[in-house]
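Novice: Given chain A, put chain B in place with the hints provided.
So the sequence lines, in the order shown, correspond to chains A and B. In case it helps, our numbering puts the first sequence at residues 1 to 117. In case it helps, our numbering puts the second sequence at residues 1 to 112.
These are calculated hints, taken from the structure and not from any lab test. In this text the structure is predicted, and so the values were computed from the model without any measurement.
Here are some chain A residues pointing at chain B (derived, C-beta under 10 Å):
no.	residue
1	4
2	44
3	104
4	105
5	108
We put the beta carbon where it would ideally sit given N, CA and C, even for glycine.
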Amino acid sequence: AQKITQTQPGMFVQEKEAVTLDCTYDTSDPSYGLFWYKQPSSGEMIFLIYQGSYDQQNATEGRYSLNFQKARKSANLVISASQLGDSAMYFCAMREFSGGSNYKLTFGKGTLLTVNP
Amino acid sequence: EPEVTQTPSHQVTQMGQEVILRCVPISNHLYFYWYRQILGQKVEFLVSFYNNEISEKSEIFDDQFSVERPDGSNFTLKIRSTKLEDSAMYFCASSVEGGEQFFGPGTRLTVL
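Isolated chain A (complex conformation) (with noise of 0.2 Å):
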């Protein structure tokens, strides 16, 4: 079973407008974290947001917000006022105790935002 499943395997937006990605996530351990990464086209990872299974509000930054539920087991990144740049592949992934200290990444498969003037 995918323990993250993106739908959306592309999304178009206008430019200035909000866009909601979607995230789903399959856990059974009571401490997890969640994480939106952006891949631009020139390859490199770029961290957005992050939001841990016992935060109580939804975590923001800046133009980025996490829509988070805990019962639907649902993670949606929403962007507001979308800007050109934010044309990318955006990675929802899953942390997970794994026995100890360290906290392997599981990733979805992205979803391609193309922004549109």
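Specialist: Quick look at chain B alone, frame taken from chain A:
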């Protein structure tokens, strides 16, 4: 701002050759990771490393792979006998305990 660095940015090798991919983690980080991304696919965990030993490895990380921290700053991934299917982008990452993982820019490995 401190960052993870990786060298080389692109490595081309012949099938069967050994390659060593190098990473310099952020200086106060003690937890290190290698991930792989085959072109057009998702990022996959290979191995995590702490206190000079492997903490966890995936099924991808077979006997052809090894990791080492040869000195106080470098963290290396060695592939002993490369196969065509090893062609991918390899990312190094580092973190403090329980912290977010910072990724390097990646090394694109092409096996011919």
